[in-house]
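> Put together the whole structure using the sequences plus the hints.
Chains as they are written, first to last, in the working numbering: chain A, 1 to 134; chain B, 1 to 134; chain C, 1 to 134; chain D, 1 to 134.
Possibly wrong hints are sitting among the right ones.
Copies of one chain are not kept apart here, so a pair can be met inside one copy or by any two copies together.
As the list claims (entries may be wrong) - In the BS3-like style, the derived pairs of lysine-lysine whose C-alpha atoms are separated by at most 27 Å in a straight line are:
| hint | residue 1 | residue 2 |
| --- | --- | --- |
| 1 | LYS66 | LYS79 |
| 2 | LYS129 | LYS66 |
| 3 | LYS127 | LYS115 |
| 4 | LYS50 | LYS113 |
| 5 | LYS66 | LYS86 |
| 6 | LYS115 | LYS50 |
| 7 | LYS129 | LYS113 |
| 8 | LYS77 | LYS126 |
| 9 | LYS79 | LYS40 |
| 10 | LYS66 | LYS126 |
| 11 | LYS129 | LYS79 |
| 12 | LYS39 | LYS86 |
| 13 | LYS77 | LYS113 |
| 14 | LYS127 | LYS66 |
| 15 | LYS86 | LYS50 |
| 16 | LYS66 | LYS115 |
| 17 | LYS50 | LYS66 |
Derived from the structure by calculation, the hints contain no laboratory data. Small disclaimer: the values here were computed from a predicted structure and weren't measured.
Number of protein chains: 4
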Amino acid sequence: MIEHTVEILVRYAETDQMQFAHHSNYIVWFEHGRIQLLKKYGFNYADLEKSGYLMPVLEVTARFIKYAVFDETLFLKTKMLPLSAKQSFEYEVYNSQEELICTGNSLHTFINKNKRATRPPRDLIKKLKPYFEI
Amino acid sequence: MIEHTVEILVRYAETDQMQFAHHSNYIVWFEHGRIQLLKKYGFNYADLEKSGYLMPVLEVTARFIKYAVFDETLFLKTKMLPLSAKQSFEYEVYNSQEELICTGNSLHTFINKNKRATRPPRDLIKKLKPYFEI
Amino acid sequence: MIEHTVEILVRYAETDQMQFAHHSNYIVWFEHGRIQLLKKYGFNYADLEKSGYLMPVLEVTARFIKYAVFDETLFLKTKMLPLSAKQSFEYEVYNSQEELICTGNSLHTFINKNKRATRPPRDLIKKLKPYFEI
Amino acid sequence: MIEHTVEILVRYAETDQMQFAHHSNYIVWFEHGRIQLLKKYGFNYADLEKSGYLMPVLEVTARFIKYAVFDETLFLKTKMLPLSAKQSFEYEVYNSQEELICTGNSLHTFINKNKRATRPPRDLIKKLKPYFEI
Chain A
1 MIEHTVEILV
11 RYAETDQMQF
21 AHHSNYIVWF
31 EHGRIQLLKK
41 YGFNYADLEK
51 SGYLMPVLEV
61 TARFIKYAVF
71 DETLFLKTKM
81 LPLSAKQSFE
91 YEVYNSQEEL
101 ICTGNSLHTF
111 INKNKRATRP
121 PRDLIKKLKP
131 YFEI
Chain B
1 MIEHTVEILV
11 RYAETDQMQF
21 AHHSNYIVWF
31 EHGRIQLLKK
41 YGFNYADLEK
51 SGYLMPVLEV
61 TARFIKYAVF
71 DETLFLKTKM
81 LPLSAKQSFE
91 YEVYNSQEEL
101 ICTGNSLHTF
111 INKNKRATRP
121 PRDLIKKLKP
131 YFEI
Chain C
1 MIEHTVEILV
11 RYAETDQMQF
21 AHHSNYIVWF
31 EHGRIQLLKK
41 YGFNYADLEK
51 SGYLMPVLEV
61 TARFIKYAVF
71 DETLFLKTKM
81 LPLSAKQSFE
91 YEVYNSQEEL
101 ICTGNSLHTF
111 INKNKRATRP
121 PRDLIKKLKP
131 YFEI
Chain D
1 MIEHTVEILV
11 RYAETDQMQF
21 AHHSNYIVWF
31 EHGRIQLLKK
41 YGFNYADLEK
51 SGYLMPVLEV
61 TARFIKYAVF
71 DETLFLKTKM
81 LPLSAKQSFE
91 YEVYNSQEEL
101 ICTGNSLHTF
111 INKNKRATRP
121 PRDLIKKLKP
131 YFEI
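Written out as structure tokens, the structure reads:
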């Protein structure tokens, strides 16, 4: 299982007048989580783009269970599902009391420089395949 | 059917290095759409909060079909589903060629000042009910 | 004098837990204002970038006089100072009571595709010069 | 001298189509820097607000020297100037090559629950005064 946990500290600018972290920020955090997951497994997203690939979002969902507040430290666990032309990631956000406060998932495709759908880059397959073969 | 369309002009700050409008902005636009829809039907969300109600998001999904770019004018159509303790809204985003580029939906609850779940505010029911009775 | 006024409706996501529009949004609005000003005077910023020019920000200042709140309509007046390799813009934000709530200014440079400083694009000079010659 | 350095990792959502970190993010980072500085010196901004004080921004300036890119680690050094009814902070952003890429400053006031200007909270004076007396 490919997974990785990052810490998120809720910034003041991420709050809204409801006194909670605005829900749109979780979408930004999910992205941060999957980029850090890829990095942990030897795959730099910045390099992926430089080599001519993009991994745009086809779909994203977030489900909110409990609110996060300013200056709270959150733990975002990202899971990468097996490699696919329609690549899935799953997310779980925990607060410091280890309560699950949000879940989510996203679906991605790979496109090349001409913005056409393409197979996952070979380098990504090579680096990540071993982890899915167990 | 309660629905309302707002125009969105993609701001420079909303783009990302993929040269598209970053996907998290659609979540912000959906919120703008449902607030304007409520306003059109005589219901000011600012007043709702002043009267002690909040309508936090329980779940939000966005599905991306085509990309939007900087300075593009988009048309966001928001639909409000029948009043419910779990209130649903649906979204469709069109570009200026009338292509559907994104769909979405969100689920909300009503909470009171003590952050407890509550029925939809009476005033909202009164104002919106007629539209659902046809 | 080259100037242009745009309307800004404060979005919910732009508020913070202080119950005001977060101050970082004014920087985003200033950018929106100067892009719309250029458009009004026949100059599309999207086209500028396509033709290989960028106009990055060298410096930006915002001074806050009064707070803006959710769902408030603001009027942002942008002034463009005479064309220069260090291009200046000035900003004034008014609320619906016509109170001045924020002032600002920004300084820009023009860079070409190789990210080197360059003179303002000829097309821009041609289009805007007449307005400064009075 | 009261100062504190925090690390910032440029998020994908913080980039724009110029391929740089959008300039408005520095304003958000400055805020993060001064909140972490206060925390380091025993002063929790969340508690400050709970006790009825707000520290809104009167003025903020950012000067950009060099661009930051996606996934770059930046070091933001925040300095707090001596306590005053008009409180100043200064900022310097360095990239991982230790190049200074941005400087800034901000001016703040203290307001109480009634949104009236007030002296800096006693607790803040008590905690920070020793550092300014050397």
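> My question is about LYS66 and LYS115: at a cut-off of 27 Å on alpha-carbon distance, are they close within one copy, between copies, both, or neither?
between (38 Å within a copy, 11 Å between copies)
> My question is about LYS86 and LYS50: at a cut-off of 27 Å on alpha-carbon distance, are they close within one copy, between copies, both, or neither?
Classified as within; 21 Å inside a copy, 31 Å across copies.
> Are the CA atoms of LYS50 and LYS113 at most 27 Å apart within a copy, between copies, both, or neither?
Intra 10 Å, inter 17 Å, cutoff 27 Å: intra and inter.
> From the Cα coordinates, with 27 Å as the cut-off, is the pair LYS77 and LYS113 best called within, between, both, or neither?
Classified as neither: same-chain Cα gap 30 Å, cross-chain 31 Å, threshold 27 Å.
> Could you place LYS77 and LYS126 in one of the four classes (within, between, both, neither) given a Cα distance threshold of 27 Å?
Answer is within; shortest intra-copy Cα gap is 23 Å, inter-copy 40 Å.
> First find the shortest C-alpha distance between LYS66 and LYS79 inside one copy, then the shortest across copies, and answer within, between, both or neither for a cut-off of 27 Å.
both (21 Å within a copy, 26 Å between copies)
> Given identical chains, is LYS129 near LYS113, meaning Cα to Cα at most 27 Å, within a copy, between copies, both, or neither?
Answer is within; shortest intra-copy Cα gap is 24 Å, inter-copy 38 Å.
> One pair to classify: LYS127 and LYS115, alpha carbons no more than 27 Å apart. Within, between, both, or neither?
within (24 Å within a copy, 34 Å between copies)
> With identical chains, the pair LYS66 and LYS126 could be close in the same copy or across copies; at 27 Å between alpha carbons, which is it: within, between, both, or neither?
Neither, since 39 Å and 30 Å both go past 27 Å.
> My question is about LYS127 and LYS66: at a cut-off of 27 Å on alpha-carbon distance, are they close within one copy, between copies, both, or neither?
Classified as neither; 36 Å inside a copy, 30 Å across copies.
> Taking 27 Å as the upper bound on the Cα-Cα distance, should LYS129 and LYS66 be classified as within, between, both, or neither?
Neither. Shortest intra-copy (35 Å) and inter-copy (30 Å) distances fail the 27 Å Cα cut-off.
> Within a copy, between copies, both or neither: which one fits LYS79 and LYS40 at a CA-CA cutoff of 27 Å?
within (12 Å within a copy, 33 Å between copies)
In summary, the numbered hints that this structure violates are 2, 10, 13 and 14.
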